[in-house]
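*Asks:* Next come the chains, spelled out residue by residue.
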Amino acid sequence: AQSVAQPEDQVNVAEGNPLTVKCTYSVSGNPYLFWYVQYPNRGLQFLLKYITGDNLVKGSYGFEAEFNKSQTSFHLKKPSALVSDSALYFCAVRALMFSGGYNKLIFGAGTRLAVHP
Amino acid sequence: DAGVIQSPRHEVTEMGQEVTLRCKPISGHNSLFWYRQTMMRGLELLIYFNNNVPIDDSGMPEDRFSAKMPNASFSTLKIQPSEPRDSAVYFCASSLRTGNSNQPQHFGDGTRLSIL
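So the protein sequences, as listed, match chains A and B.
If you want my numbering, it's the position in the first sequence, counting the first as 1, plus 2.
If you want my numbering, it's the position in the second sequence, counting the first as 1, plus 197.
If you're looking for bench data, these hints aren't it; they were derived computationally from the structure.
One thing to keep in mind: the hints can contain errors.
Said to hold, decoys possible - DEER-style ranges, computed between Cβ atoms: (1) B:Phe271 <-> A:Asp11: 32 to 40 Å; (2) A:Ala7 <-> B:Asn268: 36 to 44 Å; (3) A:Ser72 <-> B:Glu241: 42 to 50 Å; (4) B:Gly200 <-> A:Lys60: 21 to 29 Å; (5) A:Asp11 <-> B:Lys275: 30 to 38 Å; (6) B:Pro267 <-> A:Asn19: 47 to 55 Å; (7) B:Asn248 <-> A:Ser28: 24 to 32 Å; (8) A:Ser30 <-> B:Val250: 21 to 29 Å; (9) A:Asn70 <-> B:Gly239: 18 to 26 Å; (10) A:Ala7 <-> B:Pro258: 22 to 30 Å; (11) B:Gly239 <-> A:Lys79: 19 to 27 Å; (12) A:Ala16 <-> B:Ser263: 47 to 55 Å; (13) A:Thr22 <-> B:Asp254: 35 to 43 Å.
Claimed, not checked - So these bits of chain B aren't anywhere near chain A, every CB distance computed over 12 Å: (14) Thr210; (15) Glu211; (16) Met212; (17) Gly213; (18) Glu215; (19) Ser224; (20) Ser228; (21) Gly239; (22) Met257; (23) Phe262; (24) Ala264; (25) Pro267; (26) Arg282; (27) Ser292.
Cβ coordinates follow ideal geometry from the N, Cα and C atoms, glycine included.
Chain A with its partners taken away, still in its complex shape (with noise of 0.2 Å):
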């Protein structure tokens, strides 16, 4: 079965430190992952995604993702947090469909980021 894991409901930093966001997946195949975040009363954003190349993939906003394969992690990480960071975070893969390959996302549970000043 496919599947995200945020293991981590909410994530507490202080801004100007590191900030890292947990994700884990399960895939059949090479797993197609992203990055999402959301703003209160607003939809998902697209951050940043890895398919091939790089294991380190940079993104929107500073931010960037360490693809580890032999971990099945995907973590998003940032050096230095900002106060306007603070927003829901959603992992995604993307789910094979038998009946065609198309690109279904399946997402984790989304992470709670706070940046405190």
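We have chain A; now place chain B onto it with these hints.
*Replies:* Relative to the frame of chain A, chain B by itself:
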């Protein structure tokens, strides 16, 4: 470029009434998704379309829910009759389906539905 446009942004109605949510995907996108988000269940995929054809509706909760995509620029999600447990934020998303399916989904800002 305009993003995914959903209407209305807020809907409050009484139990038993018909509710219609609307979505205009990004021009040129050929995949469209309807999601529901609640505190208890998180983000759930209800149905998705490719080239206006429903591909997977296994997430539609029951027969009271229906979705249509009459053309590439418009989709509706209908609930009839509505119930209080349908209260949630409903999102529409679109993406460009390519051969290797690596394109991200782009979300609208959702419709906050409250059934009294």
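*Asks:* Tell me if the beta carbons of Asn248 of chain B and Ser28 of chain A are separated by a distance inside 24 to 32 Å.
*Replies:* Given about 30 Å between the Cβ atoms, the range holds.
*Asks:* Run the C-beta distances from Ser224 of chain B to all of chain A and say if the shortest one exceeds 12 Å.
*Replies:* holds, 17 Å
*Asks:* Does Ser292 of chain B clear chain A by more than 12 Å, comparing its Cβ with all Cβ atoms of that chain?
*Replies:* violated, 6 Å
*Asks:* Confirm or reject: Gly239 of chain B is not an interface residue toward chain A, with every Cβ-Cβ distance exceeding 12 Å.
*Replies:* About 5 Å separates Gly239 of chain B from the closest Cβ of chain A, which leaves it inside 12 Å; violated.
*Asks:* Is the Cβ of Gly213 of chain B farther than 12 Å from every Cβ of chain A?
*Replies:* At about 27 Å from chain A, Gly213 of chain B clears the 12 Å cut-off, so the statement holds.
*Asks:* Over 12 Å from every CB of chain A: does Arg282 of chain B meet that, or does the non-interface label fail?
*Replies:* holds, 20 Å
*Asks:* The output says Glu215 of chain B does not contact chain A. Does that hold with a beta carbon cutoff of 12 Å?
*Replies:* Non-interface label on Glu215 of chain B holds, nearest chain A Cβ at 24 Å vs cutoff 12 Å.
*Asks:* Can you tell me whether the CB distance of Gly239 of chain B to Lys79 of chain A sits inside 19 to 27 Å?
*Replies:* holds, 23 Å
*Asks:* Verify the CB-CB distance for Gly200 of chain B and Lys60 of chain A against the hinted window 21 to 29 Å.
*Replies:* Hint holds: Cβ distance 23 Å, inside 21 to 29 Å.
*Asks:* Has the hinted range 47 to 55 Å been met by the Cβ atoms of Pro267 of chain B and Asn19 of chain A?
*Replies:* holds, 50 Å
*Asks:* Per the hint of 42 to 50 Å, is the separation of the Cβ atoms of Ser72 of chain A and Glu241 of chain B within bounds?
*Replies:* violated, 31 Å
*Asks:* Go ahead and decide if the range 18 to 26 Å is satisfied by the Cβ distance of Asn70 of chain A to Gly239 of chain B.
*Replies:* Check passed, 25 Å falls within 18 to 26 Å.
Hints 3, 20, 21, 27 from the earlier list are contradicted by this structure; the remaining hints agree with it.
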